Every structure is written in structure tokens, then in C-alpha cells.
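First to last, the sequence lines map onto chains P and A. With my numbering as the guide, the letters of the first sequence map in order to residues 1 to 676. With my numbering as the guide, the letters of the second sequence map in order to residues 1 to 676.
Derived from the structure by calculation, the hints contain no laboratory data. A few of these clues could be false.
Identical chains share a label here; the pair holds if one copy fits it or two copies do between them.
To be verified - Restricting the straight-line Cα-Cα distance to at most 27 Å, the calculated cross-link-like pairs of lysine-lysine (DSS-like) are:
| no. | residue 1 | residue 2 |
| --- | --- | --- |
| 1 | K354 | K242 |
| 2 | K62 | K307 |
| 3 | K355 | K171 |
| 4 | K339 | K355 |
| 5 | K355 | K340 |
| 6 | K71 | K354 |
| 7 | K71 | K307 |
| 8 | K307 | K272 |
| 9 | K62 | K242 |
| 10 | K171 | K71 |
| 11 | K71 | K339 |
| 12 | K71 | K452 |
| 13 | K272 | K452 |
| 14 | K171 | K354 |
| 15 | K340 | K171 |
| 16 | K272 | K354 |
| 17 | K340 | K354 |
| 18 | K307 | K339 |
| 19 | K354 | K339 |
| 20 | K71 | K242 |
| 21 | K452 | K171 |
These numbers come from a predicted model, not from an experiment.
Number of protein chains: 2
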Amino acid sequence: MSVRNEVHPIALSDGRIRVVIENLQPAVDGGRFPIKRVTGDEVVVEADCFADGHDVVACSLKWRFAGSDWKSVPMEPLVNDRWRAGFVVDALGSWEYTVCAWVDPFQSWRHDFARRIDADDVRVAAASGASLIAACADRADSALDADLLRAWARELAQLAQDAATGVDALKRVGNDAARAAVACRHPDLRHAFTHPQTFPVTVERERARFSAWYEFFPRSASDDAGRHGNFADCEAWLPYVKQMGFDVLYFPPIHPVGRSRRKGRNNSLEAKADDAGSPWAIGAAEGGHTAILAELGTAADFRRLVKRANELDIDIALDIAFQCAPDHPWVLEHPDWFKKRADGSIQYAENPPKKYQDIYPFDFESADWRAMWLALAGVFEHWVGEGVRVFRVDNPHTKAYAFWEWVIARVRALQPEVVFLSEAFTRPRVMHRLAKVGFSQSYTYYTWRNTKQEITAYFTELTQGPGREYFRPNVWPNTPDILPAALQYGGRPVFMARVAMAATLAASYGIYGPAYELLESQALRAGGEEYLDSEKFERRVWDRTRADSLAGFIAVLNHARRTNPALQSDAGLRFLSIDNEQMLAYAKTSADGANTVVCVVNLDPHHTQSGWVELEQDALGIQPGQVYQLHDLVTGSHFLWHGARNFVSLDPHTTPVHVMELRSRLKRENDFDYFL
Amino acid sequence: MSVRNEVHPIALSDGRIRVVIENLQPAVDGGRFPIKRVTGDEVVVEADCFADGHDVVACSLKWRFAGSDWKSVPMEPLVNDRWRAGFVVDALGSWEYTVCAWVDPFQSWRHDFARRIDADDVRVAAASGASLIAACADRADSALDADLLRAWARELAQLAQDAATGVDALKRVGNDAARAAVACRHPDLRHAFTHPQTFPVTVERERARFSAWYEFFPRSASDDAGRHGNFADCEAWLPYVKQMGFDVLYFPPIHPVGRSRRKGRNNSLEAKADDAGSPWAIGAAEGGHTAILAELGTAADFRRLVKRANELDIDIALDIAFQCAPDHPWVLEHPDWFKKRADGSIQYAENPPKKYQDIYPFDFESADWRAMWLALAGVFEHWVGEGVRVFRVDNPHTKAYAFWEWVIARVRALQPEVVFLSEAFTRPRVMHRLAKVGFSQSYTYYTWRNTKQEITAYFTELTQGPGREYFRPNVWPNTPDILPAALQYGGRPVFMARVAMAATLAASYGIYGPAYELLESQALRAGGEEYLDSEKFERRVWDRTRADSLAGFIAVLNHARRTNPALQSDAGLRFLSIDNEQMLAYAKTSADGANTVVCVVNLDPHHTQSGWVELEQDALGIQPGQVYQLHDLVTGSHFLWHGARNFVSLDPHTTPVHVMELRSRLKRENDFDYFL
């Protein structure tokens, strides 16, 4: 903002620019950071544009794909000097927009002319109008428009000169709306003002907005307890993942695991000879962040797995954890990238009194930061080269924001399909900053939001707060690090309710499986959130054939998501009133209003709960008195509702949720079936 | 914002700057415009300052009087990475502030050291701390601090080296809070980040925030109907104005009135020979905006009047109306400053089909705009030279915003005491823009806000909306242009209620008198707002001795304002619940919490209304069960209240308002009197 704080020096600026542009939206931190969209989205821009006095103001929205020519479209007035227009982003990458406004002499004249009564005034004004129209003709870049406008100007000028012309004739010609529309296409922009800033947009592929993640340890992919899982085993899991309806399959780090100070089972300090160690203790003599743990397979095996997954429209997501085991090659090659303790040893990760001796963090204040940034960028670049298009980034909040802004832009410039998920469970400002600097999606506090009040407040903030332009939530009911208390004590009803809310409240969600669908609920210690026998420190074998598996239930949820656009965006969520504190009700509607899903959840895992839910019929396009139908996408039940208040009852021991598509109109004749 | 949209080029920026500063407040349009304060105010600044990771962040507020050296003070943490500090503005003029933040290695070490348990760790960490403390000593600009810190560093280093030192001794010395406070005074700022913008403050004198205006036509100052009033007559009115308690006496334009197309009484198109014309039709052969109408007196008379007024602590405010009568000298000298019609004549003011043939507006798109701006600035400069310190600007919304921003800054640079009131009754964005570009005070919609709902919503917006930092309301129950319907039909109770609300809801208010205190209520036409026999077009003689004059009531209101700090600021207003739609209740509290005024208004001019008003006792510092006293500053009545709900009844035919000082504590022994 170069004009800030500056009293326009009279010698330099043009005092004749009378129009101002204020409060241009959307804008993240005044345009410092991009808003986020996916291909095909419309970016709707609003601004206050006005001038002094009574002259008519016009304005246009300008936009471009970075580096291309600017395009523009006239903005339409709303109320109170607010204007709006939109444009569609149809390519991946960086876009930008701004607003141009001007006092429009022709439109001002037209507005006044229409209101004139006195015959002499009309005649004088007609002559003025003829000059303005002639000027429009001179500016026209189309010969057709120029000819039309010149003829109009001549006609009006001649009528104004001829004393015999009546007021009616002058007004009829001067007020000609069709020719005025042509004149408006060639405005006088001599005193136009273009907002001095451009406002950036990051456009990603749809999966950045709408995705279902399945996290899974390749080390446990083998069905044989005696054998370490490998990428070929993972391939065999793909149909299972696909059947459940997930579209991102995310692996913890696949690199060599450090041997020095390796952790044993259940995070014990001493590893036994056959302990696999934590995949987040990255790096050993054979390689670091671009190497693959030998037990998992070769680079060729990995590439084949990525290809097979892609054939099923599944992205393989890698976990990027920028930290090193003590035997990572970089520790030897680049000791300057790490902090030293006073005794000369390298500082391991700690949060006193907690210590993580098997992990060395990078020092982002290293004098050699440039080389380090390039090396870290190289990790992304390597895996992009191997076909990876989704990265889950571990603890990004312990690395410099400026680094993320730089590296994400660099990787996107190389491959704009790449999606970045920020795994930062930390303070709200920090999580938002990471989203602003470029992460496509962000972990959330959903994992610990259980009550009706908590969930309502949190998702209202996520979907309606300022973060809605840049912070895309990806909600997880569990992770390998977090077995929340609700899952430890609530049993199957809570597992069902938590995954159903995740899948329907947020457009992106994920689970850590098979621990989730197999209802794993044993914590290492009472009061803690660590899993007992965590896969972080050992291989596990899972019996996916168990009768109590939630795989089928999850498949139904993901099918509902794929077939209902309302569930594919975070916008359009609103909570509904229901007169029971143990029940949560909400509706989501697609941007075009054509699809609405109504969800009701029993938050009490022990008792059947019931209540009266209130729908805002107006917002849903339901006429008073109209009967409408709710089709439960989980159970297949159909309900006929009418009026604002309807009764719902949910038994947690069967299905604690309704996920119901609203069918308020008879779309096809056989929709009558639903009323039977 | 030079960094907008830019991915830090790795070759240029310092990637080691890890701290970020967001959401710095207060800021008007991101710092584009100044916030407003008066001398003696504290500017309280908040910002989100945080870094990646767990290191300790520190930050400081920096500020300066424009052109002076920067000062700074440490900011204190609130919650959620929000920090706060304040500074006092003790001189008129332009100030600016910003925030500097950094990751603090010493404080990070101190935080970790305090939590360490393991003996080896403590010893290694103590050695690290000794190095950091020694570095603080090297940065210290005070020899005393440097010596103290060096001694501390040596002591800690020696203890750490000595294997015999116990953990307790190391921790005692390392955790020394007094010496740590000294170390914190010399932080390592190598990777500090200063917000790239400075945020401006305009500091004015107290009258910009707290003022009571009396508008009055000097032409009517004569008690002799046959003689035009003059400045000597005005002098004789000063004691009357002073007794009522006003501190700004505002005159409509005092310049020669145009003769060409002069308007007659009641806005008739033809003036009679003795008609005075509208003072807003400025300029005649003898002079324009810097001349004085001969009938009013000489420049010396004017200067004497200003001096007499100032002796009574009254400002004389002039009305600056930038428009010309057809015989204004500038019309001949600078025809380029005005728009031409197609017939070559100069365009008079109009809003078709309304015409104002006696007034030519300036053309702010004139090619000669630079000379015109300088000439208009010269008008202010002339009257500042004559001693004027307050200007009411007529219709500023029909002149370019850039001009106002330039001219107000120019005049303030000449004389920082000057106060500008914007008379713009127009669309909200326009009124706010004028306030942003520099007007000290702004007319409001109060004139037309009558019901409880309207007043509550409007004053909540004025005092709590974003405008609170720059838009200072000056509320008027009437003006020479506006006799609102409520005053035409409501009689004396409405006159009392409207002025009482004006005086207590807003820190600045005004009336057009003597029309107001003498209850003038006849409109020119039914359904219109023009006064019958308006002083805009003729001289009037007023009988100030009338028994029904509200002068005494107004004097009581202004006395209450002067003696109650709560009424001297727009902050601290909140509306109270009262269970009667015809009654309005609100409380104002001073910034220090020491003074609270509770007002209750009967909005019904016909009937006695009563209701139960609810006070938030907590907010007022009243203990549950405590009896508290309300002293009515209008009637002198005392009321003992207790509990949250108390009964109020108001008869509009006696006094339709309570303006009550809250006395919740016994301040002096004789406060007991009030309980009798």
C-alpha cells in the first residue's frame, strides 16, 4: 500500500480521481495471502466503490491467471455502494484479481437526463449527451459500435439544435436503452482508479477440497505376523481401501529407520533386536528422506504401488517429517543444520522434561539455512518425481513459516496437483498461519470436540469464520498418536457417531485404520491417548474379516459423500435446533441449492435419545404445508416429514446417526415410490 | 505491503526470521488511515505475535511523534498469542506506531531450564545459559547491566564446570529472576521482525472528542426586527450561550451573499429588495469566501468576537461551504473551476428535477484542479489566521475525498488545534470515508432515529462498530435544514427527550437555536422538514425570555456533561434492558470505571410510562445485595436502588428523562445525606 500515511503530494497525484474502492473481499490479511479455490469454482468478489457527489460510478472486476492477460467483467451494484462480480478459475495454479472503478460521465448524464422535465433543460442536456456519446464512439474498439454511437450522437445533436423538436422526441432518443448499453461498453477511464493491490488465489484440484483419507502402516500390511509388510502387500489392500470409499491412502514415513537410540515397543527406551522402531526416526546409514526402508521394497515397487492406486483413483500420500534419526546421513554431512548442546553433542528433540533422543530437529536459524531449505525442498521434489501428489506434513509448526511459504510455492510451480496436509495440533493462530502460507488442508481440534456445544461452536467457526477462505479442515476421529478418551470408553456407538460426523461435517476427513474400523480402544495408560501396542513402534496383524468391523458402515458414508454434492464442500453447513442436549442436528446444502443432506446424531452411546428437530423450511425451498421426504442414506429408510418440527429417535446400539438426503420435490414419476 | 504475493526469494530474504506479526489493532483499513485520539489518551495496541516451535517470543510496541525518535515498551501476553501494550499521546499532531517481535533465545533457555530435572541435562543447559547471558552482557548499553550479567554468566559457567555442584545450586543460580529481568532488557534482535507498516494516529485537542455546539444565525442576533444582526450583537449573546453550557458557537457562512438569482423568503425564486438571501449562496462583487458580509461587521469586529468567545472557553465555528453564488469573484476569475452546460453557461447545482440556480458547484475534475485546491485551502488558512479553530464543512460529500485528505492535513500542519466537522447526511460508506480522510467529527442519522430499536441499533453501531476508531458522531436533534417530524408533532416532551438523548448518548452534540430551545415546530409544508420562515432566507427575532424556553433544561444537561467523565466519551455506552417499548435505558461509564451515568427516557410524549430497568451489577462493581444510589442530575432527586431490577416511571409533561449519576459507594461521610 504505497499511499499509506501519505498526504497526496499535490504536485504528483491526479486529484481528479474521485472514486474510491474499499473493503475488497475476499482477502486474507489484506491480500497478503491467497484465498483457496479448486478448479471450476467461481470466485465471487465484492467491494465498496463510490465517489463524492451524485455522479454514477461504474466498476469492473479484473482477474488473470498468473502471467496471462487481464480479463474483466462489469460489477453489479448490491446495496449501500457494494458491488459484486465473479469469475471462474479453470486451471490449476496462481490467479489474481483486483477491482477498477470510475466516475462514469455518460451514465451520470443518462441518469440525470431521464429525470429532466423542463423543455429548455432537456434540450441543453441532449446536446451535452450528444457530445458524450460521440466521445464514447471515439473510444470504441469496434467499428460497429463506433458507427452506431456516431449515428446516435448525430441524431441527438440535430434534434437538440432543431427548435421544433418536442421534449418527447428528445427524451425518446436520448433515453434509448439499447444504444446506451453499447455506449456503456466504451467508458471514459481517464480518471479510473484500479485498486493498488492484486489479491491472489491458489487454485488446486478438487481433492484439496473434498477427500477421504485412510492412514495405514505398510509395515503391518503383511497377513503373516512373522513377516514385515511391503509395498506388494499394500497393493493387495487397495481393493479394501477402495471398497470403503477412500481416495487418499496415507502412509507414515517409508524411509530407513534410525538404529541409534531406536525406540522399542510401546515407546520403551531400549529396542530389542527385532523391533522395527518408529518410522518418524528417519534415516540410517543407507539413506534418509529420499530412501526407502529395504523391508518395504524398492523404488520400482513403490512406483508400481502408486500406479495401481492411481488406477483406482486413489492418491498415495506420503508423510513428510523433517527431522533426523541420529544416524541420518545429513547429521554427518551437515552438522550445521542442527543445534549443538553446550557439551558439543547435537541437540535432540525435547520439551522438558520430555525427551526424544531418537530424533534430531533441524535448526531453522542455521547460518546454512539456504542449503538446508534447498535440501528439504529436494525431498518433496524427489517424491513428486516418483509420482506422489499428496503429502501429509508432520509437525509443520516446528519449522519456519517462511520456509513453508517458499517450499510449497516451489513444489506447486513444479507440479500444481500436489496437495499438502498440515499436521499441526497446536495453538489456533499457528494452525491458521500454516494454512495461510499454503497448506491445502489442516488437521483440526475435532478429535477432542465431543459435546453438542463444542461441535456446534467449532464447526460454525470453521465454516463461517475468516478461515473459511484459506483453512480447509481435515477432521480425524483418531490418529496413531491419538486414541481419544471418547473412543476408549464409548464403544461401537461412539466409533460410528464420530466417523459419521467426520464424514458429514467436513468435506475432508480421515481415519487411522484398521485400528478404527476394528474398534481398537485399548490405551497404553489410563488417562493417556497413546494406543497400547502402537504400530508406531511395532508391526501389527489385523483381522479385517471380523464381523464387528465398521468397514461396511464407512463404505456407506463415503458413498453418501460421493453422491451428495452438499457433503463435498465445507460451505453450506448450518446447525439445526433439536430439543435434546444429547442430540446434534445439522444440514448441508450444495452451492447451487439442489442437494441438501440432513444429519441427526445421538451423542449418547448408552441410551436411545429422541427429540424434535427444526428445519428452516424457507432456506430449503420447502413450501409451508408441503410434505417432504428424507431418505436415510445409511439405513435406506424413508421418512415423510412436514412442517418445521419433526420427531427423531436414535438407538445407539443399532445406528446412532441419520444421514438423510432431503427430497422436497417430485423429480421423477417414480419418486412416488418413496411415499409408499 | 511490499511482500504481498511474493514467495520469498531465497537469495534475498533472511529465512532465519521465524516470528510473525498478525492482526495488529487498532488499524483503519489496514493502516491506510489514522485512528483518532485526543491529547492525554492512551493508545492501546494489540497484535498476534508468534513463531514456529516452542521457543519464547517477545515483542515490543514502538511509537513516535511524527519526525521524532522511536520509543518502545515491552508488550504483555494476553491469551492465544495476543500481546498488548499502550502509549500516551501527549501532543497534538501525527503519531505512528508499529510492533517489533523476535524469538528470544535467552527467554527460551530460561523457560526450558526451569523445567529440567535430570542432573546431566541441568549441567549442560547451565553452560548454554552462561553463554547466552554473556551474549546479553555484550549487547548491554549500560555498564552496570553488563557487569552484572558478566558476573552471572561467570558464576553459572563455573558452577556448571564443577562436577561437585548439585542440581539445586545450578537451578537456584540459573533461575535467578532478578538477574533474568536485567538480561531481558538486552535481547538478541538479530532475527527480529518489525511490522513493515506504521500505523498512524491523529491526535487532536479534547474538544474534538467532547463538545456541545450551538448553531445560530448572526443575521438574527439583533433584538431589533428592523436591523440586521452584527458581530457586536453576537458578543451580547455570548453569556446566554455560556450559561446554557455550550462550548462551540457555530455560525452559518458570514460572507457576502450573492445577488444574482438570490432566493427570497421561504426559498421563493424571486427575492424582494430587502431579502437577505441564503448565506450559503456565497460571494458577490465585494468578495467571496474570505470576505465578511458588510452588515455583520468588519474583520476587526470578527476578531474581537472570537477573542471574547475564547475568553469564555467558547470556540467560534465557521461554516465552510465550497460553492459560489453566480456573482462570486472566482466565477469570473476562474471559469475553469466550474462545469459548463452545452449552451456555454455555467452549470448550477441541481439534482434533477430540483434546481439551485443561486449556487455553482466546483468541478473537482477541472484541469486546473491544483490551483483550485490551493485556493480552497487558502480559505481555511485565512480564517485560521483570523483565530478560527473549528470549521463545520458544508456538504463535504460533494467534493473529492482526496482533496479533503490533502487540505485537512495541510491545515492541521499549520494549526493542529483545528477541529473539522463533516456535514454529510448521506450514504454510510460516504460518511465513513470522510471521517477516515480526516474530519474530526461527523453528523449522523440521529436526527431521524426515534424508536427504541432504532436508537439502540444505531448507537451500538456507532460506539462498537469499526467506526469507533475514526468516526466521532456529533448528533443534532435539529438543524436549519431539518425540522424532523418528531419535533413538529411531539411538542415540548419530544424537544426535551431528543436534546437529553443527544447530550447523553454522544460526547458531541449540537442544536440549532434559538429555534430549539424556543420549541419552533412549524414546518413550511406538511410532510416536509423545512422550517416555516426559515432563517436560511430571512432574519428572525427571537424572544429568549419566554417562560417555556428549554434554555435552563439544556444548561442542566450540559452541566451534567461537564461534571461526569462518563458523558465525555463515546466509549462505555451500553443499553439496558427495560420492559417497556416506549422506554429507553442506557448507562455510560468512564474509561477508569469511576463514573457511571444511568439514563432512562420516556419516548412517548403523551403518556406516563413506567418499567423495570435491569442494571448489570457486575459491570458496575455493585455487590449482590448492596444498596446503591442514583442521583438525578436533572431534577436533583435521589433514588435508592438495590438488586438488578428497579422501577422507573416518567411523566413526559414534567421531565421525560432521568440522567442519574450512580453512587454505589460511600465516598465521603456526608454521602450519608443522600440516604435521607
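Each hint, compared with the structure:
In this homomeric assembly, K354 and K242 never come within 27 Å of each other (Cα to Cα): the closest approach is 40 Å inside a single copy and 73 Å across copies. Within a single copy, K62 and K307 get their C-alpha atoms no closer than 40 Å, and across copies no closer than 56 Å, so neither meets the 27 Å cut-off. In this homomeric assembly, K355 and K171 come within 27 Å of each other (Cα to Cα) only across copies, at 19 Å, whereas the closest approach inside a single copy is 85 Å. Only within a single protomer do K339 and K355 lie at most 27 Å apart by alpha-carbon distance; the minimum there is 15 Å, versus 78 Å between protomers.
In this assembly of identical chains, the alpha carbons of K355 and K340 lie at most 27 Å apart only when taken from the same copy (15 Å versus 82 Å across copies). In the homo-oligomer, the alpha carbons of K71 and K354 never lie at most 27 Å apart, since the shortest distance is 56 Å inside one protomer and 40 Å across protomers. Proximity of K71 and K307 under a CA criterion of 27 Å is satisfied in neither setting, with 39 Å inside one chain copy and 61 Å between copies. Taking CA atoms no more than 27 Å apart as the test, K307 paired with K272 passes in neither setting, with 36 Å inside one copy and 96 Å between copies.
Within a single copy, K62 and K242 get their C-alpha atoms no closer than 42 Å, and across copies no closer than 57 Å, so neither meets the 27 Å cut-off. Proximity of K171 and K71 under a CA criterion of 27 Å is satisfied in neither setting, with 35 Å inside one chain copy and 66 Å between copies. With identical chains, the CA atoms of K71 and K339 are never at most 27 Å apart, being 50 Å at best within one copy and 34 Å at best between copies. In the homo-oligomer, the alpha carbons of K71 and K452 never lie at most 27 Å apart, since the shortest distance is 46 Å inside one protomer and 49 Å across protomers.
Proximity of K272 to K452 under the C-alpha cut-off of 27 Å is found in neither arrangement, the shortest distances being 45 Å within a copy and 77 Å between copies. Taking identical chains as interchangeable, the C-alpha atoms of K171 and K354 lie at most 27 Å apart only when they sit on different chains, with a minimum of 18 Å there against 84 Å within one chain. In the homo-oligomer, the alpha carbons of K340 and K171 lie at most 27 Å apart only across protomers (21 Å), although the nearest pairing inside one protomer, at 85 Å, exceeds that limit. In this assembly of identical chains, K272 and K354 lie within 27 Å of each other by CA distance solely inside one copy; the values are 22 Å within and 95 Å between copies.
In this assembly of identical chains, the alpha carbons of K340 and K354 lie at most 27 Å apart only when taken from the same copy (18 Å versus 81 Å across copies). For the homomeric pair K307 and K339, neither the shortest alpha-carbon distance inside one copy (40 Å) nor that between copies (72 Å) is at most 27 Å. When the C-alpha separation of K354 and K339 is checked against a cutoff of 27 Å, the pair qualifies only within one copy, where the shortest distance is 18 Å, while the shortest distance between copies is 78 Å. Taking CA atoms no more than 27 Å apart as the test, K71 paired with K242 passes in neither setting, with 42 Å inside one copy and 63 Å between copies.
In this assembly of identical chains, the alpha carbons of K452 and K171 never lie at most 27 Å apart, being 64 Å within a copy and 46 Å across copies at closest.
The structure fails hints 1, 2, 6, 7, 8, 9, 10, 11, 12, 13, 18, 20 and 21 (numbered hints given earlier, in ascending order).
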